[in-house]
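Chemist: Listed here are the chains, written in short residue letters.
There are 2 protein chains.
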Amino acid sequence: TAVITNDKAALWTDGRYYLQAEKQIDSNWILMKDGLPDTLSQAEWLTKELPVGGRVGVDPYLMSSETWKPMDKVLKEAGHMLVPVSQNLVDLAWEDRPTPPQNPLMVLPDSYTGQTWEDKVLKVREKMKSKNCGAFVVTPLDELAWLFNLRGSDIQYNPVFFGYVVVTKETVDLFIEEERLVSSVKDHLRLNGSSGGKVAVTIHPYGHVGKFVAELVDKVEGKIWINPKSSFAVFNAVPKNRRYVQPSPVTAMKAVKNATEIAGMRRAHLKDAVTLCEYFCWLEKEVPKGTVTEVSAAEKLENIKRGQKDYISLSFDTISSTGSHGAVIHYKPSAETDLPLSTSEIYLCDSGAQYKDGTTDVTRTMHFGTPTDFEKECFTRVLKGNINLCTAVFPQGVKGHMLDTLARTSLWNVGLDYLHGTGHGVGAFLNVHEGPCGISPRVSLTDVPLEEGMILSDEPGYYEDGKFGVRIENLALVKKADTQHNFKNKGFLTFETITLVPLQNKMIDPSLLTEKEVNWINDYHTQVRDEVGAELKRQGKQEALKWMMKETQPIG
Amino acid sequence: TAVITNDKAALWTDGRYYLQAEKQIDSNWILMKDGLPDTLSQAEWLTKELPVGGRVGVDPYLMSSETWKPMDKVLKEAGHMLVPVSQNLVDLAWEDRPTPPQNPLMVLPDSYTGQTWEDKVLKVREKMKSKNCGAFVVTPLDELAWLFNLRGSDIQYNPVFFGYVVVTKETVDLFIEEERLVSSVKDHLRLNGSSGGKVAVTIHPYGHVGKFVAELVDKVEGKIWINPKSSFAVFNAVPKNRRYVQPSPVTAMKAVKNATEIAGMRRAHLKDAVTLCEYFCWLEKEVPKGTVTEVSAAEKLENIKRGQKDYISLSFDTISSTGSHGAVIHYKPSAETDLPLSTSEIYLCDSGAQYKDGTTDVTRTMHFGTPTDFEKECFTRVLKGNINLCTAVFPQGVKGHMLDTLARTSLWNVGLDYLHGTGHGVGAFLNVHEGPCGISPRVSLTDVPLEEGMILSDEPGYYEDGKFGVRIENLALVKKADTQHNFKNKGFLTFETITLVPLQNKMIDPSLLTEKEVNWINDYHTQVRDEVGAELKRQGKQEALKWMMKETQPIG
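Chains B and A are the protein sequences, given in the same order.
Count the first sequence with the UniProt record's numbering and you get residues 1 to 556, in order.
Count the second sequence with the UniProt record's numbering and you get residues 1 to 556, in order.
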């Protein structure tokens, strides 16, 4: 975030970008390191800098109502004002600004979504009715994509497109430049003359949403459902006494995958497992030659993934990290940091892809030489945590934060830990990080109980600064547990791991495992042999198949 | 809570008292069952009953500021007003009202408290200084007792006395009727002529606190520290812009027991273990005769406890429950419900005592005949949960709610659960339930990380409605864990069980236990033999000693 006064200019950024910012900003800028205890917030800095009665302009479409309110409060208390500025001042000065993405949208057929967009709109209307809402303003881009069974490519890795939609009892108004809607999309939305009936869509220019929402107030009865993460511009267009401020109903609907989406996620994970077997098999051959680097490895993996059916893109920058880089949790290899992979260091690879049928996110930690006993112990304890979480049985109503500890006790027992959460929700051919569910020691106020059909990551880790990183990440589907009893008819749940990639045997110290854990690993590897084996055979990838069979030999 | 309008009278009470209220109130009263979904809140009921512009009087000393504010808000929005009434109207009508307790206070010597009250006051002043507070108003009675190393008997089971104290940088003002201060208490507080210097105490009549707090504002600089659970009268005596509204610093200081308090708690638990061995030994002999009932058993236990050194009172009503009564979590036997103990049903006994050196709270579940396989399975799974929690190792910073799941997984695995929290803080010769720490699936905003020296209960259970209840409760001390590593120098913690009462062997199904669990039970019983055995011998309780030795035989 940049804040510019008449005589100063300051840039706030978090720890990921301190170094980059120091390199790239010139002496006109003050770097404000977000997250350090002594760094002033933007509002605090402004109250120090501004003469009494200062006016602080903000593009209200670029700040959420959640951020606006506390900043406005601090400024007001110091005698200043936060002012929405309708013409973005940076745009005025930015002469060679690239045009916004105009990539065409893609229709995702019902065979991938399992539910027509019309049915989704009708379900949203039921939720609106139950809350006495006459209108519902959808602002998160993944919710828009999910609701219409459309996908885009406006944001790297996230198959979404810029737009807004307003649903009322009678109308569906979509705000997007009409030229972006190719003929198939128009057919899909029934814009080519056929009547949409109760779910007829009207297209408006993207920029008209603010005015439209402001005019809603006189057009509909009841409250207007708006989520607090909306931009201040859209949020504030609804008068306070008409707002129903709650997380969008689509958030919860989207988090619970239907049978078609689950089948698609399974297909995506099977294909992804094939690519990773091919990749690790290749690495095992190439790494000893000393010619593979973090960057070239990541490129190789992307190339392999491109060969799979319905592949669209990666789902995030591949974390391809060797040795000490593995301890940098969000490491992204670049020309400046690139290192060769070797047989003397651990290699951590966190990668994922978008397929038309699903989104993947998987981490494997490998050693192409001989791991030390401590490296093996760390790997094994992380694996114990991963297994302990995904085999947990728990009653309906349990929220993710109540399960986080289960992934840590094997590390805590010897005084180890990791400083990140254990799991995040994952979209179905949508964003690789998706709310509202998650598994973390931090308690979130918007956290919801885990439900059958949700898909989350299970990714404990251990990071030895300056030396190595270990993380084992599988995606897991929440499903009904088959228990002997059913206390108070609550219903019990558990997880099914849907990621099917071998766990490197040589990193496992069986002496640290219980019999149950050994059995889990052997059963998992049997499943990999059956399912990934068949697919590797079908795709004629003999070498990768051989590698996979070697890596999945029974232990214990 | 009673709410009386010009033509109606309503009584709100929770599930524990529905039946009693129905029996005891006459037809003039409407019973409002708190906690049922259709029951109106007091504010909702009033807005329905009152004509516009209603004024609702409340004794502001009997309602916390936390309760007042939301009620005030609802009433205001409906055009009414909440009005503090300085003369309690019930007192006016209550002709034979008993006088408030006037029991003399007791000085708790430094050999029990480990810290002089003067040192405590100085530490409180340091905390005040660090928060820029010129005064601190202490309202919770257990904090008052802790701060002055005094105990009282104004409330059954809780060794506290009615009073307030205000600490400023220079003064300590105690609000209590002076005639309650016997000579030893006056000496202790240095009220007999000797100078208290910086910590000189001034005594004021109990009823003067409101006026005094209101006048503080002009006497001290800085904020006035007041906790939001204070009565509205005291809270509101401080103007809003002068309030520092935070949990009292004493809450955290009191929760962490010092070495002297810990030694006292251990002594108290040893004596308590002796009484329970004597009691269960007696029951085992008497129950088969069919003459012991829940009530007579509880009386017997109280009589046994009276024989121990420094015994003061029970710390709560003994839960002495047979068969289906065991499934009523807060069951208190009475003449109406009393049942004989038998050899065909489980007996659950949750009891505790106040000794001058500490407070106890322990639950044991026994069968004096032959338990069924299911009863044994439930007991064993509850025991596994108890062990899994108390053997947990966890880093500094972990809050209780992050450990709650560890006590439940053994039940969840087969579809069982229990509907209460797993642990509460316990005072050192103070209230048996004490904040701020706890172990529960509910996340409390005032929850704090567990710290070395805190003492909490570990009490998972299982309740089969209409049949039986199982609960195993030990108190556990948070202590440093000895771990191989020490991630980020966080420091790791674990628990030490300080309750030393045999776990009935016949209720344990060893086939459900891991080797580690079997070892834990055998080690625990060895410790009981060593420590309780020596004390039973010292006290000449041969029969109880024999019973204890039989009940602590190694298993597995």
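Be aware that a few hints might be false.
The list cannot tell twin chains apart, which means a pair is met if one copy fits it or any two copies do.
Stated by the list, open to error - Listed next, the in silico DSBU-like pairs over lysine-lysine satisfying Cα-Cα at most 30 Å (straight line):
1. LYS480 x LYS69
2. LYS69 x LYS229
3. LYS490 x LYS33
4. LYS332 x LYS129
These are computed hints drawn from the structure, not numbers from a lab.
Chemist: Would you mind marking each hint as holding or not holding in the structure?
Modeler: Here's how the hints hold up against the structure:
Neither within a single protomer nor between protomers do LYS480 and LYS69 lie at most 30 Å apart by alpha-carbon distance, with minima of 42 Å and 43 Å respectively. Taking CA atoms no more than 30 Å apart as the test, LYS69 paired with LYS229 passes in both settings, with 11 Å inside one copy and 28 Å between copies. When the C-alpha separation of LYS490 and LYS33 is checked against a cutoff of 30 Å, the pair qualifies only between copies, where the shortest distance is 24 Å, while the shortest distance within a copy is 47 Å. In this assembly of identical chains, the alpha carbons of LYS332 and LYS129 never lie at most 30 Å apart, being 46 Å within a copy and 46 Å across copies at closest.
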